[in-house]
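Asker: What follows is the residue order along each chain.
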Amino acid sequence: MKQAEDLEILEKFANEKTREEAFGLLLKKYQQKIYWHVRRLVIDHDDADDLVQDVFVKVWKYLGGFRNDSQLYTWLYRIATNECLTFLNKKKQKNNIPLDDVAYELADKLQESPYFNGDQIQMKLQKALLTLPEKQRLVFNMKYYDELKYEEISEITGTSVGALKASFHLAVKKIESFLLKND
Amino acid sequence: MDLNNIHEDWEKEAPVLASLGRTNPFIVPENYFEDLHDNLSVRMKIGRHLNRESSELFSTPPDYFDTLAERINTSIKADSLKQTTADPGFSVPEGFFGSLEERILQKTALQEKQGGKIRKLYTGWARYAAAACIIAVSAVTLFINKKETKVEDQFSGIPDTEIVNYLQAYSEPGDGMMIIENLGSAAESAGAASDLPEDEIQHYLESTL
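If you read the sequences in order, they're chains H and C.
Per numbering that gives the first Met the number 0, residue 0 is the first one in the first sequence, and the count goes up by one each step.
Per numbering that gives the first Met the number 0, residue 0 is the first one in the second sequence, and the count goes up by one each step.
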């Protein structure tokens, strides 16, 4: 079934009578993308579920004010990214631990998670990713898994394309080093 | 490394990573995405309900806000008045409270010595008198009952022929009817088992009447 175009979704959403329908179409089109983007950052499914719902509740609330000055999905990604970063920072503040230790906590969750289906090498890759600073991990995920263009990532993160390229390159080097070192 | 062509470069620089492919190792619970829309709808309904204006959920007494400012001002004035006139103006002699306890104790000790005017609710002799009356009444009742029983016991021991002979010897003219009546009731209560034969009774009645 062909997914609805963003313009169609926005037009239907603008009409009160078709707003619910528009939201359903939007969910159908973007829920998985947003979910996996969030899940790769926070690792745990339950946390990801909460955050995804938070994201779409915000979308429902603010989509009416969307000015169409960017792509709809970059706008959605931006909301999702901000929710994730806020969540991870709160975790750090709540437990009064450095952000590195948040990564250790996520690595433990990864180890214990019933919703991880990867083999040993995949586990190793995820642990390697968790050694990266949050924003670098974010950039890596969007480039490596979501295959977004640097311009799109720049719109989402507010970072220049050049900085993003450098960040991604460094991330790749660190991960490769981790994979080789810990064999 | 050419930043413009970094996509290809990184695969060359990270062959192990490149060999892994973009495999997603994470999974979700069954029907998670199918149910996500419904779960979101429920959550948004709850959110809409919680975000309702307070005035829709709670009410206030009539004219509450109209008089609120005045009541707040009154409270403020009362509070400031309390602060400025904390001292009510009364005073006590020096050392009054220090010696108060001692004086009270002394007074109570003195009252106990004088015997006090403590009235008991019930005086001692009244209790004893009441008990004595109850005992006396009980004793008399018991005695009377015993006496009556004794008399009846004595009479029941005497044979009927002796009673008849006595009555024949000592009865007066007026006793006849009385005797007949009593003999009748005695006969009924005795039933068929009567010690005296009928002809003797008949003879007696003829002789006394």
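Check each hint, because a few of them may be wrong.
To be verified - Computed list of lysine-lysine pairs in DSSO-like fashion (alpha-carbon distance at most 30 Å, straight line):
no., chain 1, residue 1, chain 2, residue 2
1, C, K81, H, K32
2, C, K44, H, K27
3, C, K11, H, K134
4, H, K90, C, K44
5, C, K44, H, K57
6, H, K180, C, K11
7, H, K172, C, K44
8, H, K148, C, K11
9, H, K11, C, K11
10, H, K16, C, K11
11, C, K11, H, K32
Simulated from the structure, these hints should not be mistaken for lab results.
Note that the structure is predicted; figures quoted are calculated from it, not measured.
Asker: Given the hint that C:K44 pairs with H:K27, does the C-alpha gap stay at or below 30 Å?
Answerer: Roughly 19 Å between the alpha carbons, so the hint for C:K44 and H:K27 holds.
Asker: When you check the alpha-carbon spacing of H:K11 and C:K11, does it fall within 30 Å?
Answerer: Status violated; Cα separation ~47 Å.
Asker: Holds or violated: C:K11 and H:K134, Cα atoms, limit 30 Å.
Answerer: holds, 24 Å
Asker: Has the given pair, H:K148 with C:K11, been kept, meaning a C-alpha gap of at most 30 Å?
Answerer: holds, 20 Å
Asker: With the threshold set at 30 Å, check whether the alpha-carbon distance from C:K44 to H:K57 stays at or below it.
Answerer: holds, 13 Å
Asker: Starting from H:K172, check that the Cα of C:K44 is at most 30 Å away, please.
Answerer: violated, 47 Å
Asker: H:K180 and C:K11: Cα distance at most 30 Å?
Answerer: With Cα atoms ~18 Å apart, H:K180 and C:K11 stay inside 30 Å; holds.
Asker: Does the alpha-carbon distance linking H:K16 and C:K11 stay inside the 30 Å limit?
Answerer: Outside the cut-off at roughly 54 Å; violated.
Asker: Would the pair C:K81 and H:K32 pass a check requiring their Cα atoms to be no farther apart than 30 Å?
Answerer: violated, 66 Å
Asker: Holds or violated: are the alpha carbons of C:K11 and H:K32 at most 30 Å from each other?
Answerer: Holds - the C-alpha atoms of H:K32 and C:K11 are around 28 Å apart, at most 30 Å.
Asker: Are the Cα positions of H:K90 and C:K44 separated by 30 Å at most?
Answerer: Judged against 30 Å, a Cα distance of about 28 Å means the pair holds.
Figure legend: structure checked against the earlier numbered hints; hints not met, in rising order: 1, 7, 9, 10.
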